[in-house]
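Q: Add chain B to chain A, keeping to what the hints say.
Number of protein chains: 2
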Amino acid sequence: MNQEHAQQLKAAIEAVKSREIGNIYFVACGGSMATLTPAQYILDREIDIPSAVYSSNEFILRSPKALNDKSVVISCSHSGNTPETVEATEFARSKGALTISLSHLVDSPLWNAAEYRLHYDWGTEARAEENNYGILYRLIFGILNTLYPNEKYARAVASVETSLHDVFERNKANTLEAAKAFGSDYKREPIIYTMASGINYSLAYSFAICLLQEMQWIHSSAIHAGEYFHGPFEVTDYDVPFIIIKGIGETRLMDDRAHDFCQKFSDKIVLIDAETFDMEGISAEVRNYFANLVAGVVLRQYAQYLSEFRGHPLSVRRYMWKMDY
Amino acid sequence: MNQEHAQQLKAAIEAVKSREIGNIYFVACGGSMATLTPAQYILDREIDIPSAVYSSNEFILRSPKALNDKSVVISCSHSGNTPETVEATEFARSKGALTISLSHLVDSPLWNAAEYRLHYDWGTEARAEENNYGILYRLIFGILNTLYPNEKYARAVASVETSLHDVFERNKANTLEAAKAFGSDYKREPIIYTMASGINYSLAYSFAICLLQEMQWIHSSAIHAGEYFHGPFEVTDYDVPFIIIKGIGETRLMDDRAHDFCQKFSDKIVLIDAETFDMEGISAEVRNYFANLVAGVVLRQYAQYLSEFRGHPLSVRRYMWKMDY
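Chains A and B, in that order, give the protein sequences. Going by the UniProt record's numbering, the letters in the first sequence line up with residues 1 to 325, in that order. Going by the UniProt record's numbering, the letters in the second sequence line up with residues 1 to 325, in that order.
Pulled out of the complex, with its shape left as it was, chain A reads as follows (with noise of 0.2 Å):
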C-alpha cells in the first residue's frame, strides 16, 4: 500500500466526518466525470444524503443554490489540468463547500485548488487499489464507514485493497479471445451503439463518448437499458451493433429486457455480461458495486484490439491537444 495514498485518504475522510453534510456533488467532465458516477450510485442506495452528477461547466454555470457550507464536492481530473473542473473546484469552495479532488498530477492547478487531494497511479504498471477507481471507492466506502460503521463498507475496503488488481487481471486474461474476436468482427461499423442501467450506465457513457467517439472516431450513443423502450429501440434492425452491458445487482433486470428484445432483431450484439466475471476476492454483499470497475477493464480490452484491427490507435486525436477550442 502507498502510505501516501493512505493518508491523504484518512485526511479527506475526517473532513467530511467534522462536517454536518446536506448534499454531495460529483464534479468532471467526460471520462472523469464517468469514473466519479458510480460512487454517485452508492451513495444513493446506501445513505439518504441526496448527491448529484454534473459536468464541470454545466455545474459552474448553473450554479445549483443548493450548494453551500454544507456541500461536499468530490471533483477528478487526470491531468489536473482540466480548466472547467479546477474553476468548479474553486466556485465550489468559494461556497464554502468542503472539496475534495482526485488528479494523477500532483501540484497541478486542480491540486491546488481542492482543499483535500488525492493522488492515483496511472500507466500499465499502476497497482487497482491505487489507480483512479481504487482511490475512489477506498474514499466512498471510507466515508460510509466512518458516517455509519458497518461491516459491510470495511469489508468494500478491504477487497479494493486487497483483491481488486487480481480481479482485474484474471478477467482481462479471461476475456482475452473474446477482445479480438471482437476487434476483428466489428472493425468496419460506422456506428456501435452502447447500453447498460444502474451502477454500469457511465460506463456505457465513457466507453461511447472517449473510446468510441473520441479514440476510433466511431459515431456512438450510450442508451439506458431502461429509455431504451421508450424510443431507441426503434433503430434496431439487423445490421445495427449494441455493446450491452449487463450488471449483477438491483438493475439487471432491465438489462435482461433490453437484451431479450434486442438480440430478438440485431444480429449484431455484444454482450458484456458480469454474471459471467470471476469476482473471487470481492466481498459478496457489494459485487454489485464492483462488476461495473471489472466490465470497464474488460471493455477497455476490446477498445484496445478495435483499434488494432482498425489500424487507428487509441492515442490519435485530430482536434484534442492540438489546437485552442
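Simulated from the structure, these hints should not be mistaken for laboratory data.
Because identical chains cannot be distinguished in the list, a pair is counted as satisfied if it fits within a single copy or across any two copies.
Using 16 Å as the maximum straight-line C-alpha spacing, the simulated EDC-like pairs for lysine to aspartate or glutamate come out as follows:
| hint | residue 1 | residue 2 |
| --- | --- | --- |
| 1 | LYS70 | ASP48 |
| 2 | LYS17 | ASP69 |
| 3 | LYS264 | ASP239 |
| 4 | LYS65 | GLU46 |
| 5 | LYS65 | ASP48 |
| 6 | LYS264 | ASP324 |
| 7 | LYS268 | ASP185 |
| 8 | LYS180 | GLU308 |
| 9 | LYS95 | ASP48 |
| 10 | LYS95 | GLU115 |
| 11 | LYS65 | GLU250 |
A: Relative to the frame of chain A, chain B by itself:
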C-alpha cells in the same frame, strides 16, 4: 382557462405547501422524462431543496435511500399507461412520498396511482397553457410562489397563462421556411447529432431519442455542449450533421463554445438560436426558462418536414405498440 385544471393545480400546490420537503424527484420515461427535466433545472437554480430526475425503472430498482415521507415525487405519462411510471408512482407513495402525476388520460392507471392528478390537454387544438409543459410550468412556478412568494414567480405563471400559446404560434410561423429547408437538406442523413446544455439539454435528448431514433429511425445521440470537448468532438467532420440548440440564459456560454468549434469543421450545422425567438409576452426575467419550450415547438416543426421529405410519417413504428416487450 380550464377551471378543472386550475383546481387540480391548486390542490397539488397546497399539498406541497402543507408538508416539510426534503427533496424532490421527477420520474418518467423517454419523452415524458424529458418533459419534466426543465422543471428540475428551474428548481436547481431557484431553491436549495435538492431535486433529481430518474427514468422510472431506474428509480424503482435503484431505490434511492433519500426517498421518504419528506419527498415529493412528480411523475408523468402521456397515456397514463406506462407500466414503469405507474409502478414508480405506487412505489413512491408506498414510501410515504407526496405524489403528483401529469397525464393526458383521466382514470388511467397512473391517474389512479397518484395522490394528486393533473390532467393536460393534447392535440392540434390544445392551447399551450393547458398542455403538458403549460401545466408543468404552472405547477412548478406555483409551488415556488407558494413556498417563496416572489413577483417573479407570479409573472412566470402569468406568462404561461396569457402569452405562451401566442409565442409558440408566432415562432412556428417565423421558422416555417427554415423547417422546410431542413427537411429537404437533411432527408438523406443516416445520423444526426443534437447538442445543447442547461435547461435545453433535455430537448436535445428528446429530439434524439423520440423524433430521430423512434419516429424517423435515424441514428442520433444527444451531446451535452460542455461534454462535447471531452470526447464527442473528435467525431466532428465536414459531413457530420449537428443540430445545435443555443439558449439565452446562464449556460449559453457552453453553447457558444461548442457552436464556435463545431462550425469550423462541420458543414452541416443546424442552429436553433433562442436569441432569434420572438419572446414578447414572456416576463423578461424568466425567458431563460421558456426558450427551451419555444425551441421544442420549432424543432417539432423541423421534424414534421423531415418526415414529409422522407416519406416516413412521424406516427410509424415497427416495434412500439406492435408487440410485447
